[in-house]
Amino acid sequence: QKEVEQDPGPLSVPEGAIVSLNCTYSNSAFQYFMWYRQYSRKGPELLMYTYSSGNKEDGRFTAQVDKSSKYISLFIRDSQPSDSATYLCAMIPGGTSYGKLTFGQGTILTVHP
Amino acid sequence: EAGVTQFPSHSVIEKGQTVTLRCDPISGHDNLYWYRRVMGKEIKFLLHFVKESKQDESGMPNNRFLAERTGGTYSTLKVQPAELEDSGVYFCASSQAARASGDTQYFGPGTRLTVL
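Line order of the protein sequences matches chains S and E. Be aware that the first sequence starts at 1, since it is given in this note's numbering, and climbs by one per residue. Be aware that the second sequence starts at 1, since it is given in this note's numbering, and climbs by one per residue.
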């Protein structure tokens, strides 16, 4: 069983839609949760970073972490064609595993005009 | 400021050959990471340097892979001899902070390795 499960999609939505992306995980040691965005032929780019449980908002993006359910989400409001990319969730345990990211498989998102 | 750069962007080699990938981190970043994405799978951690020292190499698949970071600047990842299953995209990332909190990793564009 993978430590982090993420539906690869693909997900196709019309411009302006609200997008919900999700990951589940099995390792309760994960404390730091990230969402990366990756455009084609580029490296992953950090989008959101959350520590432990709770919500974090940044512009059109909201990240949610529910540690009791081992479930994290990324919401994109008013989606734009420029949001079309692969979205990767990633996690790091607490303690001494500094920097060792564990990724989900990534969800391919297309926002069409 | 220049980001993380990787060279080459694409490499095609035959099984049994040797390939060396290079990563230049962001200037001043002590932490350097190598990751790999095999087709259809998730990105997986290979190893982590702090300056020139290997902090964690638990993700290295086998002894055909050798990573070095001479002088704590750029890093190389050598695969010798290459096997078909080594095909994938190899990413390098660097970060400034040593701790997970605030340890934003900046990724390079990756090297796409194809072993025939």
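These aren't lab readings, by the way, just hints derived from the structure by calculation. There's no promise every hint is true.
[What the hints assert, rightly or not] Simulated pairs of lysine-lysine, BS3-like, Cα-Cα distance not exceeding 30 Å:
(1) K78(E) - K42(S)
(2) K70(S) - K78(E)
(3) K56(S) - K78(E)
(4) K41(E) - K67(S)
(5) K56(S) - K67(S)
(6) K44(E) - K42(S)
(7) K2(S) - K41(E)
[Claimed, not checked] Covered by chain E, according to a simulated footprint, are these stretches of chain S (three or more residues, beta-carbon under 8 Å):
(8) 39-53
(9) 64-76
No experiment lies behind these values; they were computed from the predicted model shown. Every residue, glycine too, gets a C-beta built ideally from N, C-alpha and C.
Holds or violated: are the alpha carbons of K2(S) and K41(E) at most 30 Å from each other? Holds, at about 11 Å.
Take a quick look at whether K70(S) and K78(E) sit within 30 Å of each other, Cα to Cα. Distance of about 37 Å is beyond 30 Å: violated.
Between K41(E) and K67(S), does the CA-CA distance stay at or below 30 Å? With Cα atoms ~25 Å apart, K41(E) and K67(S) stay inside 30 Å; holds.
Holds or violated: K78(E) with K42(S), Cα cutoff 30 Å? Given that 30 Å is the threshold and the Cα spacing comes to 22 Å, the pair holds.
Satisfaction of hint between K78(E) and K56(S), Cα-Cα up to 30 Å: Answer violated: K56(S) to K78(E) is near 40 Å, above 30 Å.
For the pair supplied as a hint, K44(E) and K42(S), confirm whether the alpha-carbon distance does not exceed 30 Å. It holds: about 17 Å lies between the C-alpha atoms, which stays within 30 Å.
Please check whether the segment 39-53 of chain S has three or more residues whose CB lies within less than 8 Å of a CB on chain E. With 8 residues closer than 8 Å to chain E, the segment 39-53 of chain S meets the three-residue bar; holds.
Going straight from one Cα to the other, do K56(S) and K67(S) come out at no more than 30 Å? Status holds; Cα separation ~14 Å.
Examine the segment 64-76 of chain S for residues whose CB is less than 8 Å from any CB of chain E, and state whether their number is three or more. violated (count 0)
When each numbered hint is compared with the structure, violations occur for hints 2, 3, 9.
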